[in-house]
Structure formats: C-alpha cells, structure tokens
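Student: Sequence order for the protein chains is A and B. According to the numbering used here, the first sequence is numbered sequentially starting from 1. According to the numbering used here, the second sequence is numbered sequentially starting from 1.
These are calculated hints, taken from the structure and not from any lab test. Please note that a few of the clues may not be correct.
[Claimed, not checked] Simulated pairs of lysine to aspartate or glutamate, EDC-like, Cα-Cα distance not exceeding 16 Å: (1) A:K13 - A:D2; (2) A:K153 - A:D140; (3) B:K205 - A:E232; (4) B:K90 - A:E18; (5) A:K111 - A:E50; (6) A:K11 - A:D57; (7) B:K95 - A:E35; (8) A:K92 - A:D2; (9) B:K161 - B:D124; (10) B:K199 - A:E232; (11) A:K153 - A:E232; (12) B:K199 - A:D149; (13) A:K247 - A:E210; (14) A:K25 - A:E14; (15) A:K13 - A:D116.
[Claimed, not checked] Covered stretches of chain B (chain A as the covering partner; in silico rule of three or more C-beta atoms under 8 Å from a C-beta of chain A): (16) 79-89; (17) 95-102; (18) 194-202.
[Said to hold, decoys possible] Here are the simulated distance ranges between beta carbons: (19) B:Q29 - A:D57: 53 to 63 Å; (20) A:K148 - B:M51: 36 to 46 Å; (21) B:F70 - A:S118: 49 to 59 Å; (22) B:F70 - A:K148: 46 to 56 Å; (23) B:W102 - A:P147: 35 to 45 Å; (24) A:K247 - B:L15: 27 to 37 Å; (25) B:S101 - A:T159: 20 to 30 Å; (26) A:P51 - B:H197: 48 to 58 Å; (27) A:P51 - B:F70: 52 to 62 Å; (28) B:H197 - A:D38: 18 to 28 Å; (29) B:D84 - A:I146: 37 to 47 Å; (30) B:H121 - A:K148: 46 to 56 Å; (31) A:L44 - B:M93: 20 to 30 Å; (32) B:S169 - A:D116: 47 to 57 Å.
We treat Cβ as the ideally placed atom computed from N, Cα and C, and that holds for glycine.
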Amino acid sequence: MDLILKIWRQKNKEAKGELKTYEVKGVSPDSSFLEMLDVLNDDLVNKGDEPVAFDHDCREGICGMCSLYINGEAHGPDRAITTCQLHMRKFKDGDTIYIEPWRAAAFPVVKDLVVDRSAFDRIMAAGGFVSVNTSGNTQDANALPIPKDDADKAFDAATCIGCGACVASCKNASAMLFVSAKVSQLALLPQGRVEAERRAIHMVEQMDHEGFGNCTNTGACEVECPKGISLENIARLNREYLSAAIKAE
Amino acid sequence: MSTHEGMTSIVRKFLMALSGFFLLIFLLQHCAINFLSVISPDMFNSVSHFMGTNPLIQFAMQPILAFGVFFHIIMGVILNKMNDAARPIKYAMNKPAENSSWMSRNMVITGIMILLFLGLHFYDFWIPELNVKYIQGDMSGLLDPTFAESGLRYHEELVHKFHNPIRTSIYILAFVFLSLHLLHGFQSAFQSAGFRHSKYTPMIKKLGNLYGIIVPAGFVFIAIYHFING
Ligand code: SF4
Ligand code: FES
Numbered sequence: 001m002d003l004i005l006k007i008w009r010q011k012n013k014e015a016k017g018e019l020k021t022y023e024v025k026g027v028s029p030d031s032s033f034l035e036m037l038d039v040l041n042d043d044l045v046n047k048g049d050e051p052v053a054f055d056h057d058c059r060e061g062i063c064g065m066c067s068l069y070i071n072g073e074a075h076g077p078d079r080a081i082t083t084c085q086l087h088m089r090k091f092k093d094g095d096t097i098y099i100e101p102w103r104a105a106a107f108p109v110v111k112d113l114v115v116d117r118s119a120f121d122r123i124m125a126a127g128g129f130v131s132v133n134t135s136g137n138t139q140d141a142n143a144l145p146i147p148k149d150d151a152d153k154a155f156d157a158a159t160c161i162g163c164g165a166c167v168a169s170c171k172n173a174s175a176m177l178f179v180s181a182k183v184s185q186l187a188l189l190p191q192g193r194v195e196a197e198r199r200a201i202h203m204v205e206q207m208d209h210e211g212f213g214n215c216t217n218t219g220a221c222e223v224e225c226p227k228g229i230s231l232e233n234i235a236r237l238n239r240e241y242l243s244a245a246i247k248a249e
Numbered sequence: 001m002s003t004h005e006g007m008t009s010i011v012r013k014f015l016m017a018l019s020g021f022f023l024l025i026f027l028l029q030h031c032a033i034n035f036l037s038v039i040s041p042d043m044f045n046s047v048s049h050f051m052g053t054n055p056l057i058q059f060a061m062q063p064i065l066a067f068g069v070f071f072h073i074i075m076g077v078i079l080n081k082m083n084d085a086a087r088p089i090k091y092a093m094n095k096p097a098e099n100s101s102w103m104s105r106n107m108v109i110t111g112i113m114i115l116l117f118l119g120l121h122f123y124d125f126w127i128p129e130l131n132v133k134y135i136q137g138d139m140s141g142l143l144d145p146t147f148a149e150s151g152l153r154y155h156e157e158l159v160h161k162f163h164n165p166i167r168t169s170i171y172i173l174a175f176v177f178l179s180l181h182l183l184h185g186f187q188s189a190f191q192s193a194g195f196r197h198s199k200y201t202p203m204i205k206k207l208g209n210l211y212g213i214i215v216p217a218g219f220v221f222i223a224i225y226h227f228i229n230g
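Pulled out of the complex, with its shape left as it was, chain A reads as follows (with noise of 0.2 Å):
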C-alpha cells in the first residue's frame, strides 16, 4: 500500500513544531503500524535525513510506550490495542494518515511524537504503592482470603499499562481513569487497605498538581483504553477520595 503521512515534526521540547508530509510506498498490510513508520524512518535516514522519533519499547502491548494519536484518536481506529497492536489492513491503499503526539499540558512534548510521561510516574510515588515488612519473614500474600470478585476487578484494573491514551483522548486531558485503575488495583486488597485512605489523597492531590483536567464523565478513556478499563474505577476512585478527604485531619 502506499500512503501519505501528516507527522508532527518538533525539534526539542522548546521548538514550536508543525506537522510534515511524507510519503511511504510499497507498505505491508500485514505490517504493524510501528513498522510501517520503521519504513519510513530508513527511507530518511537513507536520504540524510533525521529519522522520526517515537516511542516504543516490547512491541506486543505489555509496556505502555507506544503512543501516537493516529487519524483522530489515541492508539489509531481500532479498539483494545496499543499502537503496536494496529496493523496497516485498518488502513486503504492512498489513504492520509495523521499521526500526533499526545496532546496535554502535563505530558509536554520532548521531541517529534515523543511525549514526557513522567507526571504518571509523580502521582505513582505520591501513593501508588504498599508498604510491606521486607525484614525476612513477609507473609505470603495467599495466606490472605479474598473474595474472587475482588480479586478479578483489583487484577483488572492491575491491567493499566500506563500509556496515557486515556488523557490523549479526553476532552479535558484528565488522568482520571489512570489515576483511578491505579488506587483500585490496591483499595480492593486488605494489603492496600491500610494506606488506603492517604493513597487516594495523595494521588488526586498530585494528579492535579501537574495539570491534568478535571474528569466530565464523557468515558472517552474507556473507549479508548487498550486494556478495557472500566469507569467503575472512577466512581470507586471518586468514593475513596470522598470519604477519605472527608476524614482527614
């Protein structure tokens, strides 16, 4: 398939950047979404020219790097995946492609399609964690009964990957359904009950600090979460941050 692509070109977090045309021809429809960039990138680099920048890392869905928002949403036209997950056959030959990198005030662009994404990494070590005895004799966390529906939902909102196309696609660029999937993977476990409350405080808190919006309720993040996490977690997350804020001191 041969394709034209509208890439956003910027040099470095300070320059203004614009979005550039490119052509890429003879293009698999069995080729990965990252590879067909991969063509194009030695296509450059053949001609003297600097390479695109993006961010990827295990190219099967598991780490969360790969952004790009593709023709108008987070992670291309396909649901569930991530932008190594998208393969060219959701694409016709001749088609123009717009490839864009997440936009938020709180993931800052560092260069090309390359976002900083650290503000996640910030609001996780403001509470995304559980303190455990580490002097030799942890228990095991089976000893420990737990309802098997609790488990399934903690374990599904364990599933967030922490890409950001949850921010990239909401209208307000909130971290709602980041923030939330990562206090519930805890708040539903007794290990996570006991730092329970000043997690939930401590992460909203942060999570506004760096200036992401304020959620709406338009469930954009849902739709285009590739793991399916649910807005359940944002009512629980709004619950836990209630009745905790409620009782501090």
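Based on the hints, put chain B with the ligands in the right spot on chain A.
Tutor: Chain B with the ligands only, in chain A's frame:
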C-alpha cells in the same frame, strides 16, 4: 472537605453533581406545577399563590435555589476554563464522536444556552413578580388588587406570555438544549458522586434518558398548549 491544597478536582466534580441533583429535583417540581396550568387553572393559581407567598419557600428555598443555580454556573465556567488549559495545543485531526456523545462533550454549550434562556425567563416572570410583590407591595395575588372577586392572576399571566409565537419558539428551543444537558447530566451526577453498581447503573441511565426527555417534553407541551389555546 478540602485538603491542604484547597479544592481538588474530585471535590469540584462532586459539588457540581450535588448542585445538579438539587436542580433536577427543582426542575421536576417546576414541571409538575406548570402542568397544573393545563389540567386546572384554579389549582395552578392556588399553588402558584402558595409558592409565591409562603415565607419558607420565598425566604429559605428560593435563596438556596438561587445559590444552587449560581454555583452550578460558576463552577461550570471554572471547570471549563481549567479543562481548556489542560490541553493548550489541540489536535490537528480529532474524532471525538468515535468515543463519546455530543451531549457529554458540550455541556458548557448547552449550559450557556440554558443560561441565556434563564435571562429571558426571569425577565418574563421573575422580575414582574418581584415588582408586584415587593415594589408595589401587592401580596394579594389578585388580578385586580382592589377587587377581591377578580380571581388570582397567575394563570392569566402565564397564558398571556405564550400568545407570542417568537417567545414560545425560544422557550421550545431552550427546552431542547435543556434536554441535551440532562441526557448527560443526570447519569453523570451519579457517577461523580461515586454511585455506580452493575445492577443499578443501567437503571439510572435509563431513568436519566426518561427524565431528560419527559421533563423537557412536558415543558414544551405546556408552552404549545397555551400558545394554541391562549
Ligand atoms: S487506564 Fe488504560 S488508557 Fe489509561 S493509562 Fe491505563 S491502560 Fe492506558
Ligand atoms: S511498544 Fe510496548 S505496548 Fe506498544
């Protein structure tokens, strides 16, 4: 309920939901009372007179309502401003319709349209009401305050307003925006308050759709009824 950083985003959305709930209840009773004007002008008159002169409603409920409306608007504007700032550079190509409803994305637009309508609505009913009651000092509610047999004035005033086709059309258009606002707002308020359950949430969504259609449709019906029969 604020923490050391002041009001957080979750508190803001919770308060938005709380004032929303309050307005939902207000709207329902407003629609029910207006409906009386179709069923029985006498009943409408006496209920209106009660609502307009009862001190509890006038001096306790009305200020709370005014505060609720005011708060909902101001908070909506603040949220919209903050959310705009959270994405300073927009996408060159964006397809929001792929993942969310028009109603959910345009609450500020439907909200502003309702606010503009409120201006007209106050000009039509509230300001004349204040004028008669508190400036002219006529608390009788009579068509002709010097003549006790003249009957109560409320139904007459209401019907009179809907003689005008332009006003009636503006009212109907406003109710369409109200419906769009409610279709997202109703179920969104429950989610913001943390109320979500696999058993009840589908019911709440259905109820929200019913409310968002039936209540505005009720207002539209009343407006058209008086336009035709007035
Ligand atoms: S909630 Fe979904 S979209 Fe958001 S960071 Fe986690 S996996 Fe990505
Ligand atoms: S590169 Fe790891 S999820 Fe796509």
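Student: Look at each hint and say if it fits the structure.
Tutor: Status of the hints after comparison with the structure:
1. A:K13 - A:D2: violated (32 Å)
2. A:K153 - A:D140: Outside the cut-off at roughly 21 Å; violated.
3. B:K205 - A:E232: holds (14 Å)
4. B:K90 - A:E18: holds (12 Å)
5. A:K111 - A:E50: Status holds; Cα separation ~12 Å.
6. A:K11 - A:D57: At roughly 22 Å apart (the allowed maximum being 16 Å), D57 of chain A and K11 of chain A break the hint.
7. B:K95 - A:E35: Violated, because 24 Å separates the two Cα atoms, which is more than 16 Å.
8. A:K92 - A:D2: Holds. K92 of chain A to D2 of chain A sits at ~9 Å (cutoff 16 Å).
9. B:K161 - B:D124: holds (8 Å)
10. B:K199 - A:E232: It holds: about 12 Å lies between the C-alpha atoms, which stays within 16 Å.
11. A:K153 - A:E232: With Cα atoms ~10 Å apart, K153 of chain A and E232 of chain A stay inside 16 Å; holds.
12. B:K199 - A:D149: holds (15 Å)
13. A:K247 - A:E210: violated (25 Å)
14. A:K25 - A:E14: violated (32 Å)
15. A:K13 - A:D116: The given pair, whose Cα atoms are some 10 Å apart, holds under the 16 Å limit.
16. 79-89: holds (count 8)
17. 95-102: holds (count 6)
18. 194-202: With 4 residues closer than 8 Å to chain A, the region 194-202 of chain B meets the three-residue bar; holds.
19. B:Q29 - A:D57: 53 to 63 Å: Taking Cβ atoms as reference, Q29 of chain B and D57 of chain A lie about 58 Å apart, which means the hint holds.
20. A:K148 - B:M51: 36 to 46 Å: Cβ of K148 of chain A to Cβ of M51 of chain B: about 54 Å, so the range 36 to 46 Å is violated.
21. B:F70 - A:S118: 49 to 59 Å: Because 40 Å falls outside the window, the suggested range is violated.
22. B:F70 - A:K148: 46 to 56 Å: holds (48 Å)
23. B:W102 - A:P147: 35 to 45 Å: holds (40 Å)
24. A:K247 - B:L15: 27 to 37 Å: Since K247 of chain A and L15 of chain B have Cβ atoms about 18 Å apart, the given range 27 to 37 Å is violated.
25. B:S101 - A:T159: 20 to 30 Å: holds (26 Å)
26. A:P51 - B:H197: 48 to 58 Å: Because 50 Å falls inside the window, the suggested range holds.
27. A:P51 - B:F70: 52 to 62 Å: holds (55 Å)
28. B:H197 - A:D38: 18 to 28 Å: 46 Å Cβ-Cβ, so the 18 to 28 Å window is violated.
29. B:D84 - A:I146: 37 to 47 Å: This hint holds: roughly 42 Å between Cβ atoms.
30. B:H121 - A:K148: 46 to 56 Å: holds (54 Å)
31. A:L44 - B:M93: 20 to 30 Å: holds (22 Å)
32. B:S169 - A:D116: 47 to 57 Å: Holds - the Cβ-Cβ distance for S169 of chain B and D116 of chain A, about 52 Å, lies within 47 to 57 Å.
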